[in-house]
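Visitor: Given the structure of chain D, go ahead and fit chain A onto it with the hints provided.
So the chains spell out like this:
Number of protein chains: 2
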Amino acid sequence: MKLAVLGAGAVGASVAELAPEYGHTVTALADSSSAVVDPDGVDVANALDRKESEGVVGDESPDAALSANYEVLVEATPTTLGDAEPGFGHVKAALERDRHVVLANKGPVAERYGDVRELERESEGTVLFEATVGGAMPVLSTIADFDAEHITAVRGVLNGTANFVLSRMAAEGLEYEHVLAEAQDLGVAEADPSFDVDGTDAALKCVIVANVLGDGEVTLEDATVEGIRDLPVSALELAREDGRTIRLIGEVDGDAVRVGPRLVPENAALAVTGTRNIVQLETTHAGVLNISGRGAGGPETASAIFADIGRLDG
Amino acid sequence: MKLAVLGAGAVGASVAELAPEYGHTVTALADSSSAVVDPDGVDVANALDRKESEGVVGDESPDAALSANYEVLVEATPTTLGDAEPGFGHVKAALERDRHVVLANKGPVAERYGDVRELERESEGTVLFEATVGGAMPVLSTIADFDAEHITAVRGVLNGTANFVLSRMAAEGLEYEHVLAEAQDLGVAEADPSFDVDGTDAALKCVIVANVLGDGEVTLEDATVEGIRDLPVSALELAREDGRTIRLIGEVDGDAVRVGPRLVPENAALAVTGTRNIVQLETTHAGVLNISGRGAGGPETASAIFADIGRLDG
Chain D
2 MKLAVLGAGA
12 VGASVAELAP
22 EYGHTVTALA
32 DSSSAVVDPD
42 GVDVANALDR
52 KESEGVVGDE
62 SPDAALSANY
72 EVLVEATPTT
82 LGDAEPGFGH
92 VKAALERDRH
102 VVLANKGPVA
112 ERYGDVRELE
122 RESEGTVLFE
132 ATVGGAMPVL
142 STIADFDAEH
152 ITAVRGVLNG
162 TANFVLSRMA
172 AEGLEYEHVL
182 AEAQDLGVAE
192 ADPSFDVDGT
202 DAALKCVIVA
212 NVLGDGEVTL
222 EDATVEGIRD
232 LPVSALELAR
242 EDGRTIRLIG
252 EVDGDAVRVG
262 PRLVPENAAL
272 AVTGTRNIVQ
282 LETTHAGVLN
292 ISGRGAGGPE
302 TASAIFADIG
312 RLDG
Chain A
2 MKLAVLGAGA
12 VGASVAELAP
22 EYGHTVTALA
32 DSSSAVVDPD
42 GVDVANALDR
52 KESEGVVGDE
62 SPDAALSANY
72 EVLVEATPTT
82 LGDAEPGFGH
92 VKAALERDRH
102 VVLANKGPVA
112 ERYGDVRELE
122 RESEGTVLFE
132 ATVGGAMPVL
142 STIADFDAEH
152 ITAVRGVLNG
162 TANFVLSRMA
172 AEGLEYEHVL
182 AEAQDLGVAE
192 ADPSFDVDGT
202 DAALKCVIVA
212 NVLGDGEVTL
222 EDATVEGIRD
232 LPVSALELAR
242 EDGRTIRLIG
252 EVDGDAVRVG
262 PRLVPENAAL
272 AVTGTRNIVQ
282 LETTHAGVLN
292 ISGRGAGGPE
302 TASAIFADIG
312 RLDG
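Chains as they are written, first to last, in our numbering: chain D, 2 to 315; chain A, 2 to 315.
Any given hint could be a false lead.
[To be verified] Here are a few chain A residues that sit away from chain D, every Cβ distance over 10 Å (derived from the structure):
{"#": "1", "residue": "Glu61"}
{"#": "2", "residue": "Arg118"}
{"#": "3", "residue": "Glu119"}
[Claimed, not checked] As a list, the in silico DMTMM-like pairs of lysine to aspartate or glutamate whose alpha-carbon atoms are at most 20 Å apart:
{"#": "4", "chain 1": "D", "residue 1": "Lys93", "chain 2": "D", "residue 2": "Glu123"}
{"#": "5", "chain 1": "A", "residue 1": "Lys93", "chain 2": "A", "residue 2": "Glu72"}
{"#": "6", "chain 1": "A", "residue 1": "Lys3", "chain 2": "D", "residue 2": "Glu125"}
{"#": "7", "chain 1": "A", "residue 1": "Lys3", "chain 2": "A", "residue 2": "Glu72"}
{"#": "8", "chain 1": "D", "residue 1": "Lys3", "chain 2": "A", "residue 2": "Glu218"}
{"#": "9", "chain 1": "A", "residue 1": "Lys52", "chain 2": "A", "residue 2": "Asp39"}
{"#": "10", "chain 1": "A", "residue 1": "Lys3", "chain 2": "A", "residue 2": "Glu125"}
{"#": "11", "chain 1": "D", "residue 1": "Lys3", "chain 2": "A", "residue 2": "Glu72"}
{"#": "12", "chain 1": "D", "residue 1": "Lys3", "chain 2": "D", "residue 2": "Glu61"}
{"#": "13", "chain 1": "D", "residue 1": "Lys93", "chain 2": "D", "residue 2": "Glu125"}
{"#": "14", "chain 1": "A", "residue 1": "Lys93", "chain 2": "A", "residue 2": "Glu218"}
{"#": "15", "chain 1": "A", "residue 1": "Lys3", "chain 2": "D", "residue 2": "Asp146"}
No lab work stands behind these hints: they were computed from the structure. Positions of the beta carbon are idealized from the N, C-alpha and C atoms, including for glycine.
The shape of chain D in the complex, shown without the other chains (with noise of 0.2 Å):
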């Protein structure tokens, strides 16, 4: 299919990338500044050189991808909140010419989910947003199999920052400070890592589960959240002491999302080290399913997108 790529970091560089391996033909890309079009297909590599180079993808502005010939939108912009622009644009522009929507950016589905599904049923074009909860992990599209209402409560560990943090300071017995500025280093942790740290991630990873399973009028407002930055390596330390550690854990119930440092026992599923995530399924009928695995990364998130595409083109 055509694709038209908004965003040009490390998700969207690895879909346009990627996109010719699963049969597809970029023929716009646009990063916050510029963009580069082509109907008959962008020159990738040359882009992105010219991004790292240049700071830009090409000489359009970036509203020349979004009038680009194109069969799927694939936004992959930074998340923002509130009104999630300007990528909730993106998905109207998009859907107004009846062209089909893949996210990685959580913001309109977390933040405006009932707007989008509005505009979709107004549209001939479909939004799908695996990519938007635990990166390369098949969550929603399980949930989908399943039907939502065989689906009765989400948890998971959905922040691969977070988790790293915790797992080491249980591992090594040093303090938040210090594991964090280690995973800085590491490139794990970003400079500002509060959007990890403080649960807003997970959060709104949890808030677009609660959408899917529920009403669709959920937004990072309802969620209690609570993240890691106050935990004393001395908590990690009596957790373990009874044969459990401390994870950032996310959970939707019913309309209910909570997001906070939870009790869990050492050795069980929920329990993922490092950076790896893991979501937990609770059905009405086949028991508890967990998936885990990479929860971000570039090219892991183009998997759920390419798996997006899939579904619109089968």
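Guide: Relative to chain D, chain A alone:
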């Protein structure tokens, strides 16, 4: 949709009982010696009561179910090897009538995959078989989402009975025969446990995966299979001294299918305990995905069957 359910064991009975909850109607239900057919919907509770008291589900011959008015044939008769009959004949009959087929019976897609696909090509019907690999776990749908060409290897614990026996042997330090007898008392192992403990069941699941990933010409004969009957508890004790344990692991790597006892780290994802199953998918761009859950059981397997029916319906 209108379902004809062949097989009235744990899986067939669960499908028939749960069908209304998923919006479907059972128009025929058969066991090996009888059938009940009603275009307006079979009285499932009555048929299953009758099976319990009289040994038959109804007054008609099993063939009556095959010629009934249905949209999807649910094949949940016992798995057979070699020519995979009578399951294969059921699949053929449905496809020749341009009906869809959803399999829980592993025989047709493990032993005669090429034949099934050939019949499907000539039919308006589609064959789906998520339930044949790992019960409730979404293994085949995840492979389909990622596209077979982006899965490089698959391995896992695919038989709950064998895993129960191994994890009890390890935990209690008891020999195979003792734990097997206990498993039989609990209903976890059958009176003749060969299919499970000799690795046949796990191998069939791996053969199905190999067929999906490859050219579709693999059968049980191509698999290298070793069971757990001869495994002494001393081997598990030696493993534990080294921080490891032993699991019956099935592996698919290209066309090669191997099943046998393997050493795995005690805290590794593969070291699931009890009857739980796990599958690991190695992907080209998204690392390793783990999916674990209940690999068998009536309602669990029925959940996978309803997921397949939902795909046909969507």
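Visitor: Next, verify each hint and record whether it holds.
Guide: These are the hints, each one checked on the structure:
no., hint, result
1, Glu61, "holds, 29 Å"
2, Arg118, "holds, 17 Å"
3, Glu119, "holds, 21 Å"
4, D/Lys93 to D/Glu123, "holds, 11 Å"
5, A/Lys93 to A/Glu72, "holds, 14 Å"
6, A/Lys3 to D/Glu125, "violated, 29 Å"
7, A/Lys3 to A/Glu72, "holds, 5 Å"
8, D/Lys3 to A/Glu218, "violated, 34 Å"
9, A/Lys52 to A/Asp39, "holds, 17 Å"
10, A/Lys3 to A/Glu125, "holds, 16 Å"
11, D/Lys3 to A/Glu72, "violated, 35 Å"
12, D/Lys3 to D/Glu61, "holds, 19 Å"
13, D/Lys93 to D/Glu125, "holds, 12 Å"
14, A/Lys93 to A/Glu218, "holds, 18 Å"
15, A/Lys3 to D/Asp146, "holds, 19 Å"
The earlier numbered hints that this structure contradicts are 6, 8, 11.
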